[in-house]
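> Spelled out, the chains give:
Protein chains: 2
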Amino acid sequence: MKKTLAKGLPGILLFALLFAGFLAADEGMWLFNMAPKDLLQKKYGFAANDEWLTHLRLSSVRFGGASASFVSPDGLVLTNHHVGQGAIQNLSSKERDLMKTGFYARTRQEELKCSGVEIWVLQEIIDVTGPVTGAVKPGMGTVEAAEAIDKAVAAMEKEESERTGLKCAVVNLYSGGLFHLYRYKVLSDVRLVFAVEYGIAFFGGDPDNFTYPRYDLDVSLFRVYENGQPLKTPHYLKWSPKGVKEGELVFCSGNPGSTGRLLTLGQLELLRDTSYPFTISNLRRRQALLHEYSKKGAEEARIALRNLFGIENSLKAVTGYQSGLLDKALMENKARDEQALREAVRKDAALEAEFGKAWDEIAAAQKSYASFFKPYSFLERNQGFNTVYYGPARTLVRLAQERTKPNAERLREYRDASLASVQRSLLSPSPIYDEFEIVKLTDSLAQLKDELGSLQEIKWLFGGRTPQEVARELVTGTRLKDIEVRKSYLEGGWEAICRSEDTMIKLALLVDPVSRGLRSRYEKEVEAAEIKNGALIARALFKLKGTSIPPDATSTLRLSFGVAKGYVEGGRKIPFTTTFTGLYDKSAKNGNKPPYELPPSFTAKKSALNASVPLNFVATCDSIGGNSGSPVVNRKAEFVGALFDGNIQCLPTRFVYEDTVSRSVMVDSRGIIEALLKIYDAKPLVDEILGRK
Amino acid sequence: MKKTLAKGLPGILLFALLFAGFLAADEGMWLFNMAPKDLLQKKYGFAANDEWLTHLRLSSVRFGGASASFVSPDGLVLTNHHVGQGAIQNLSSKERDLMKTGFYARTRQEELKCSGVEIWVLQEIIDVTGPVTGAVKPGMGTVEAAEAIDKAVAAMEKEESERTGLKCAVVNLYSGGLFHLYRYKVLSDVRLVFAVEYGIAFFGGDPDNFTYPRYDLDVSLFRVYENGQPLKTPHYLKWSPKGVKEGELVFCSGNPGSTGRLLTLGQLELLRDTSYPFTISNLRRRQALLHEYSKKGAEEARIALRNLFGIENSLKAVTGYQSGLLDKALMENKARDEQALREAVRKDAALEAEFGKAWDEIAAAQKSYASFFKPYSFLERNQGFNTVYYGPARTLVRLAQERTKPNAERLREYRDASLASVQRSLLSPSPIYDEFEIVKLTDSLAQLKDELGSLQEIKWLFGGRTPQEVARELVTGTRLKDIEVRKSYLEGGWEAICRSEDTMIKLALLVDPVSRGLRSRYEKEVEAAEIKNGALIARALFKLKGTSIPPDATSTLRLSFGVAKGYVEGGRKIPFTTTFTGLYDKSAKNGNKPPYELPPSFTAKKSALNASVPLNFVATCDSIGGNSGSPVVNRKAEFVGALFDGNIQCLPTRFVYEDTVSRSVMVDSRGIIEALLKIYDAKPLVDEILGRK
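Respectively, the protein sequence lines represent chains A and B. So the number in my numbering is just where the residue sits in the first sequence, counting from 1, plus 7. So the number in my numbering is just where the residue sits in the second sequence, counting from 1, plus 7.
These are calculated hints, taken from the structure and not from any lab test. Think of the CB as a built atom: it goes at the ideal place given N, C-alpha and C, for glycine as much as any other residue. Take the hints with a grain of salt, since some may be wrong.
Stated by the list, open to error - Facing chain A, from chain B, some residues (calculated, C-beta under 7 Å): (1) G460; (2) Q463; (3) G471; (4) G524; (5) S527.
What the hints assert, rightly or not - Some, not all, of what chain A presents toward chain B, calculated at C-beta under 7 Å: (6) Q463; (7) G470; (8) S527.
Said to hold, decoys possible - The following residues of chain B were derived to be distant from chain A, with all beta-carbon distances above 10 Å: (9) H62; (10) L105; (11) R113; (12) G146; (13) E169; (14) G273.
Next up, chain A with everything else stripped away, as it sits in the complex (with noise of 0.2 Å):
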């Protein structure tokens, strides 16, 4: 894999050419707060101004993990059909099923409210590192700093939330080498307005995701309420009339979940040799299990496909960043770029003295990581459970044990500034299928015991009975499908718990304390020396290169930049556009069968459409999953289209960016036009979006 180095960057950056790995070309999720104005300047003669910068800001959000962006000043936001995927599934059934049919309100009265989707605005950004990291105290170990910490960010995100009635966090940003306080606006009325066909949306499937050229309408509008009435916003973006041009500068807004630049080697490892391949296995493994669950029959499919799309794009995800770390080449050069840094900071005895233990105090925390990687995968992330009864039922009893603790000592998910919505996602309504969920969770409660079977808890739980005698009995005695019911626990506390006869909830009962026991482990051995260790390399690196590279991925808020172009594979040019006459060239070259068969309203509108029109394009600007839904603008802030993936070269960027071939892919802002008008009769949507009306 070859690498650009950085050129034409001011002086500060000069120096960095030591560490050619740390910045390439385009490189960047940069934070709002401390965007690359002179860099924008110097190598595109962009002013990045702040009231641009605020603009882009506010008409961006956070919509579930993922990212979206207003586009009219009545609230509409656009995103991936995929990101609003889990909203489409609530509100479809057996009899409707807007995941295959699409969806369209021709009048406000029509939107369908979701429940549980929450849409995220990032109101303000200010720099806290000076009170959170003031908070540990000369002669403090490793854990007890770590403790410091996080009660300091416990006290300030409560403070804050309820001074300001925002949704206040703490971002932990270079591994603890700076911390940003985050207001969010919460607004959790959120209705669907529109979405296409799956077939549309996903066109392609699992074997065209992480691939371009691409054909996919990969969009959804929702409209935002307060207060019954449509969010009125002057912060949303217009939208480009004439889309984007080969070479344009571009920029790209949304929350990039988690990147891996900044880790060290040991950190790598960990992923390379542990986390990864236990991830690959499982989801593997998940994979098979619904493929053949859905081959029992029509209704059996479409059950599954919700898991399924998850399973499979992460897969192939996590496969694309395991094969960076497979790459000697790749691993070769972070060795590299450590060392050096590591050599810098060697170099000057007070550098050595303060960050020269760092690398390898991580590096033994990975270990001990490792010793506990599985249990700890199983049990407090679940992997044991896999049923969408266990995430409640587990949430329920710590919810109810946790309140009762001042709110600094609780665990971080469950503390007030997070319990609303806790709550509401506890109280979302969702289908579920029961002889489903029993598949699933005797699939996982086999492994689990394959595992973890000499555990005192997993004997009791089995007792010699086989995994799907267990599920059963699990998913028959629980009465959490009721939205009553877990309201009842959640009003009725621990002592509800406490009374409960509920299999999910005793299940939970049986192993939170095994797995508050490993979330204790890894926070104290692993986490507390990650930020220990990673907030002294982070100095290490402003000492010696300033601020200029920006922080890893942290499912907050980020501005990265590119041009829109195509790249050579395998000799073949690609060129950046695709269009629709691409979308119906591809479907008949497959036969129209599936991942490959065009909904009903694409073959029956096809002469109407201007098949010219470009549907998919792509640009070199740095993104990561999160990224799904991002707003893709031009200089002027204009909308030329909605991020929904990378192509498959873009994965390894997880850890090393870089731009000759990898590649985030868009739909369109023509191409989604176009679709509305023609093939779905949406004009009055398109006139709210074009602000015609």
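We have chain A; now place chain B onto it with these hints.
Frame of chain A, contents of chain B only:
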């Protein structure tokens, strides 16, 4: 069962004739701060002045759950051998069995430190009824009111304990009619000075237990140290030089555990129909098991003895209580008394409105209690886990959780005011014999499986295995025998518990939630109704009769009185004292075989004894379990004996006092001195006791 009526009592009690059963002759376990001064003056011409009362109170101590007294200015404490038995057994081993050989420390250096023994001296009593009941606000429901009282009590105990440095406990009297704050000095450096052999302490064994005539030298002596020195106290009981005469007024000052004279019919029926039958059959089962185990060999018999005494003692006691409840005449009297009181209430519209429903509400609560009595007993009261490992395991698990809560939110036994005692008891070593534990646990698990086998947790625990397999796994998988291990859990808190792989800790974790659920049901469905309505009935009684009726026993210090006198049984006159002559005769008559086998000291020194010296005597003073070890004194507050038992007729006085045949049984002060001098060659000890040095 004939009852004598109150006679010659002051005006207000005349009214009591309506309620014939409420107070009889020398009835009463009186509060030291509400002593029956007038009654004593009128009936016995005795002026119980405050100085006398204070001296007796401060000379009396609480020893474990029972009673004792200071008998020298140097902290010497006299109690029953069976009260000190736990401490004596803890100091014993296969090689040095103090139970068998007895013990005498001829010098202070030889005194043996007892771990886990606490002596409490009641410093002060304060009426806090106002502040406690003031926590109940108008409009509060039954449970809410009980919780408000509970929290007020918790807050007061914590605050008072912290402020005074004393152990402060609020005592609930008359089922919530009055609340008194007791301030105790807690002394925990307690050393064994003298113990007789088990054979003479419990001469006649289980067959003679709760009978009279009796020949037991049920005595042991301890010394309390403070700051490494023997405690100096002006409050100790002088020894009566002449002992007690027939017909003489005597007083008993001790900690009766629990009586049920003011219980409603509903509560008595619960005991008769649910609680006692369960307890009796359970105790019988355990008795049989221990007898079986004892047959395996001498060492097994020694080990079993420790449990056997308590079991047989309880069995006889509870069987005796139950005999009262099964006595139709007694229950008819109870019904008549309750009817009379309810009638008196009903005649007055205001009283009826205030108190009318109290009895029925208590009865309803008992019905509810009966419905979960078994799981409550097996799980929350540990009956299903008959092993000394389970108690500490559960305490560790609960303590770790409860400590993270605010004081008033905790289960009451884990509040700050009790924490020091709880921890001391956890860290007191006592010998544990695993094979014995497996035998006991196996049996109780078998019972648990039979009774609660359908409960999810119990299914999990067994998982198709036999009780013996499970018991063996649990006992061999725990390290709680090691006090250092317990300490590490205490220090490690909830996290250490969560990380534990100790089988007993895991068992406690498995059972705890369901057990807590039952506890909560008990507190809300039973106890709250009893507190509310018990207090109402008490207030009705106060209105109609003042506080001329003492409250039921509450394991706190009480004063009772009566006369030393014999009685007639089956037409035979039973004299009020027995002598050493009787002891030797009875032993000979029974071939000197257990339980009538005399220890070697008594056979060897027989000729040295003055065999006509009184050994035991009886009196009419009111007592019940918990009074064991109580000093019995004359008008001058001089020690004339130590209460150690009641005759069999005494047992139903748990519910109705009577004095024609029921008697408390004491070791005579003269017999103690005679044995110490002639049998045990303990002149220095006698000199100390008699103040001769």
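> Compare the structure with each hint and give your call.
Status of the hints after comparison with the structure:
1. A hinted interface residue such as G460/B counts as satisfied when its beta carbon comes closer than 7 Å to some beta carbon of chain A; here the least separation is about 12 Å, so the hint is violated.
2. Among the interface hints, the one on Q463/B holds; its C-beta lies about 5 Å from the nearest C-beta in chain A, closer than the 7 Å criterion.
3. With 7 Å as the threshold, the beta carbon of G471/B comes within range of chain A, its nearest partner Cβ sitting at about 4 Å, so the hint holds.
4. Because the smallest distance between the Cβ of G524/B and any Cβ of chain A comes to about 3 Å, under 7 Å, the interface hint for this residue holds.
5. A hinted interface residue such as S527/B counts as satisfied when its beta carbon comes closer than 7 Å to some beta carbon of chain A; here the least separation is about 5 Å, so the hint holds.
6. Given the 7 Å rule on beta carbons, the hint for Q463/A holds: about 5 Å separates it from the nearest Cβ of chain B.
7. Annotation: interface hint on G470/A holds; nearest CB of chain B at approximately 2 Å, less than 7 Å.
8. Because the closest C-beta pair between S527/A and chain B is about 5 Å apart, less than 7 Å, the hint holds.
9. At roughly 46 Å from the closest C-beta of chain A, the C-beta of H62/B stays outside 10 Å, upholding its exclusion from the interface.
10. Even its closest Cβ contact with chain A, about 39 Å, leaves L105/B beyond 10 Å, as expected for a residue assigned away from the interface.
11. In this structure R113/B is separated from chain A by more than 10 Å, as the shortest Cβ-Cβ distance comes to about 51 Å.
12. For G146/B, the non-interface assignment is confirmed: its Cβ lies about 20 Å from the closest Cβ of chain A, beyond the 10 Å cut-off.
13. The Cβ of E169/B lies farther than 10 Å from every Cβ of chain A, with a closest approach of about 20 Å, so its non-interface assignment holds.
14. For G273/B, the non-interface assignment is confirmed: its Cβ lies about 24 Å from the closest Cβ of chain A, beyond the 10 Å cut-off.
In summary, the structure is inconsistent with hint 1 from the numbered list given earlier, while agreeing with all the others.
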